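K.L.:
Residue strings, one per chain:
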Amino acid sequence: MKLNVSKTIYKYILVIIAIFGMIALQSMNILYANDVKFPNLTNDILQSNTYRNKVFTYTGVVRNYYINKYGIITIYFNDLNMNNILTASIFPNLGVIDKNILVTGSKIQITGTVKEYINKKNKIIYQIMPLDKGSIKLIELANYCKNTIEVKDIAKNIGKNVNLKFVKVISNEEYVSKKGTKMQKVKLLIKDMVFDGVIWHDKYTDNVKEILKNNSNNICINAEVSQFRGDISLLINSVSNP
Amino acid sequence: MILDILLLFVPILFGCIAGVITGLIAGIHTNTLSAIIVAIYFIPGFLEIDPLYLILFISSMAISNTFFDVFPSLFLGIPSSEVYALLPGHKMVKNGRGYEALTVSISGSFFGFFISLMICLGVIILDFILDINIMKNVYSITNEYIFYILLAIIFLLIITDKNIIWAFIMVVFSGIFGVIALGSPIVPHPDSAFNTIFPALIGLFALPGLLMSLFEKNDTIPNQIINDTNKLAFKKNSFLGSIGGMLTGLLPGVGSANAATCLLLFQNLFTKNKEDSNFNQKKYLATTSAIGSSDALFAIIALYFIDRSRSGASVAIEQINADITISIVLAIFGSMAISSSISFFIVHSLKIYIIKIFNVIDYKPLSLSVITYLLLITLMTTGLGGIFILFIGLILGLIPYFTNIRKAQAMGFFLVPVLLFFSQHQSDIVTKLFLEAKYSNVSVFSLDNFLIGGLLSLSIPIIIYLVVRKFIREQKNSVKILYETVEKGKNYSGIVVFTTILGIILLIISHFMPDKIKSGIFIFDEVYDGDTISFYNNFGKIKCRIEGIDTPEKYDSKKINDFSNKYNIPIVDIKSSGEIATQYAIDFFSKSKEYFISISGKDVYNRYLCIVYSKDKKINYNLEIVKDGYAISYKDGKYISSEKIKLEIMQAEYNARINKLGLWDSHYIIMNKMKE
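Sequence order for the protein chains is A and B. Take the first sequence: its letter number 120 is residue 162 in the numbering used here, and every next letter is one higher. Take the second sequence: its letter number 51 is residue 321 in the numbering used here, and every next letter is one higher.
Rather than coming from a laboratory, the hints here were simulated on the basis of the structure. Note that the structure is a prediction, hence the values are computed from the model and not measured. Beta carbons are placed, not taken as given, at the ideal position from N, Cα and C, and that holds for glycine. One should not assume that every hint holds.
To be verified - Simulated coverage check for chain B against chain A, where a stretch passes if three residues somewhere in it have a Cβ under 8 Å from a Cβ of chain A:
1) 365-375
2) 468-478
3) 727-741
4) 839-846
Stated by the list, open to error - Result set (BS3-like, lysine-lysine): computed pairs, CA atoms no more than 27 Å apart in a straight line:
5) A:K245 with B:K824
6) B:K677 with A:K157
7) B:K677 with A:K53
Please build the complete structure, drawing on both the sequences and the hints.
P.N.:
Okay, structure coming up:
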């Protein structure tokens, strides 16, 4: 056999086939559905050591999350039935995910491969890695994240209790008033606006402390909108209580 | 004692044999066997074996594999690992220089490993004497600039090509192909033993050459020339290769293929004698072989230096035993040194016979049977999805043949996805371009499938070879034997013997190394909670369970949940008392850096059982925390190794309790219930 066709024609034919091939491959990827049912991940399965690299479905309540600089999202769950910490790791190659699944207290379901690793504190961490974006499902949004108002509407609700989501605490310090009342003065970043806020001592529970200590990026709050020296001040009633 | 040391050689020898098998059979990688070993190890009761033996087996296999996986690449044109994708060795074989290629490759592998071992030992000694972890420092600095490093590699790769436009098209196309294929659900998950990498690699780098050779009229393999290149040639290239291997081990996202591409690029830019293609091919070969062996070492040792796993073998070792102490590191060095010497010796002794056998093989029937083998093994391991990926790879892999650009441009397959990740905007980009990854739980692999598939994949190509050979018979002469010294250099037998002895010495030292952690002075590291604290010294880090005491829990766990339910105490209160005990420990250990730790064994969670004293041994933490009322005696001192300390702790607990000290005052109920 001999190659008689000129190289010029060949290279263009190859490029065209490659383009069509890749389009076909990606179309198959998009059309592929992970609709198979997988067993639920339980503490017993993790303890039996037979879970490695197998696919399970886990349903849990989000305690907190962390995004590293490369966009890997680690979700921590609030699960007292687990002997060790369970996390979900979502890699950025899965694409942009629904932010609601990151809200503390939301109930979510993840189907993915289960692994384990040892963290810097030498603790065993179980890790579930979703198969794709569609295998991360929001089952129930945290209650106080329902009926939230937009940041532009805060000023319209002075004197009312409102729910706000995607709140980031940027500073938090203890303050004692002249009358001796203890409170936490906080600065909150909501969307791209900064608000002052106050958490009275009786509302500054251990749970709230933990959330603020973990410097959560995406908490939900219920607060009374008030005014202090002409500026809006949010009197916080509750901070994500999973 | 002697028997214990001799027993260490058993896994090393078996590992070496496994390395030969994984190296010779294209498609079976060390990662495959490592994954299988881990899976078996964790089946309860199935494999009750000392983890050290498995670690030695995997290390030995990883290094031995690098001496043998060059065979499919050289003689069949199959890059069995990505580092050999650009190897010019197959071209050398087609020019009758197979013997020389083999010699250069194994000496490159061996010398690359030797230099890497010396670097590692040097770094460890520096770490011991000056307390400077060079690897960790390099890692943290380079980590910041990895995106720009990768971008520069791609940029250089393109602008140094003869045809920049086609080079750019090739990098972009193969990059997009990489993004799509590496996140495709039609092939098994990337963490599976067999995944998308193999078909893509075969399509991009192996099949185009084999296919083209079928169309070439005079493409036969000439008689192989045997010469006396038994010298340590290309030391500079081996050194360069070992630096490449080190960078691969340290830089996140830089695979051995990327390092090879980069080094070969630089080598090409600074080569004076560009006309002597044979000389350049050998330099390439020495560099890539050294990268392969050096990468095998650094990828495992990265576990110790930077707490990161960098290969399938290191992931397996990490899973088997996460606590990589200095004694284990030395044992790994010893195992790899011995295994590399054995592998070198085997290849070196048999290479003339291998060449003689190869001399009687006809190339076109061989190419056809290799193509059949590759298609079958791809089908058996990754299914039809793998075949489709192989096909697209093949189309892209053919482009350099028609545009006269470097085949290295196809390395965009690996470089672009990694670049995308380090851009910090991957999620936005893949969403906008509809390139989001999807994984499936598809697993084509099963033991039956593997055995039957393996048998078919090997037997059918042999039949095809024998049948086709009847029709296409090539003219062969007897083996030529030329005696020509190609490169100046010292004979390598001395260095092989030295490495073997060094390996044995390291293995013996590791055996006698205190596990190897023993009582002595340690530096405080971190408080986990009141009764779990970590320390470190030059032998590694230890996590101590403070012996004979118990403090309230502070982390979410089943234990805290059960305790809360049993005594109807809110979890938040238990955690609060746990925090107070933790704070006591933090305050205690903030006073000094060094402590004397007496180790009596390990608990069920693999933590060391420790009695912690101040450096002068005057203050005992185990006793102090109980005395101040922030801990109780665990099961009334049942497990305390020292009778004297047991009595002291019991007395201290009694005093704290009646005087309502510490938690006995603020959290009396919790402390009281803990005693039940």
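K.L.:
The stretch 468-478 of chain B covered by chain A? Criterion: 3 or more residues, Cβ-Cβ distance below 8 Å.
P.N.:
violated (count 0)
K.L.:
Does the stretch 839-846 of chain B contain three or more residues whose Cβ lies closer than 8 Å to a Cβ of chain A?
P.N.:
It holds: at least three residues are needed, and the stretch 839-846 of chain B offers 4 whose Cβ sits within less than 8 Å of chain A.
K.L.:
Quick check: do three or more residues in the stretch 727-741 of chain B have a beta carbon closer than 8 Å to a beta carbon of chain A?
P.N.:
With 0 residues closer than 8 Å to chain A, the stretch 727-741 of chain B misses the three-residue bar; violated.
K.L.:
K677 of chain B and K157 of chain A were given as a pair; does the straight-line alpha-carbon distance stay at or below 27 Å?
P.N.:
violated (36 Å)
K.L.:
For the pair supplied as a hint, K245 of chain A and K824 of chain B, confirm whether the alpha-carbon distance does not exceed 27 Å.
P.N.:
Answer holds: K245 of chain A to K824 of chain B is near 21 Å, not above 27 Å.
K.L.:
Does the alpha-carbon distance linking K677 of chain B and K53 of chain A stay inside the 27 Å limit?
P.N.:
Holds, at about 14 Å.
K.L.:
Test coverage of the stretch 365-375 of chain B by chain A using CB-CB distances below 8 Å; three residues minimum.
P.N.:
Check failed, 0 qualifying residues.
Comparing the model with each numbered hint stated earlier shows that hints 1, 2, 3 and 6 do not hold.
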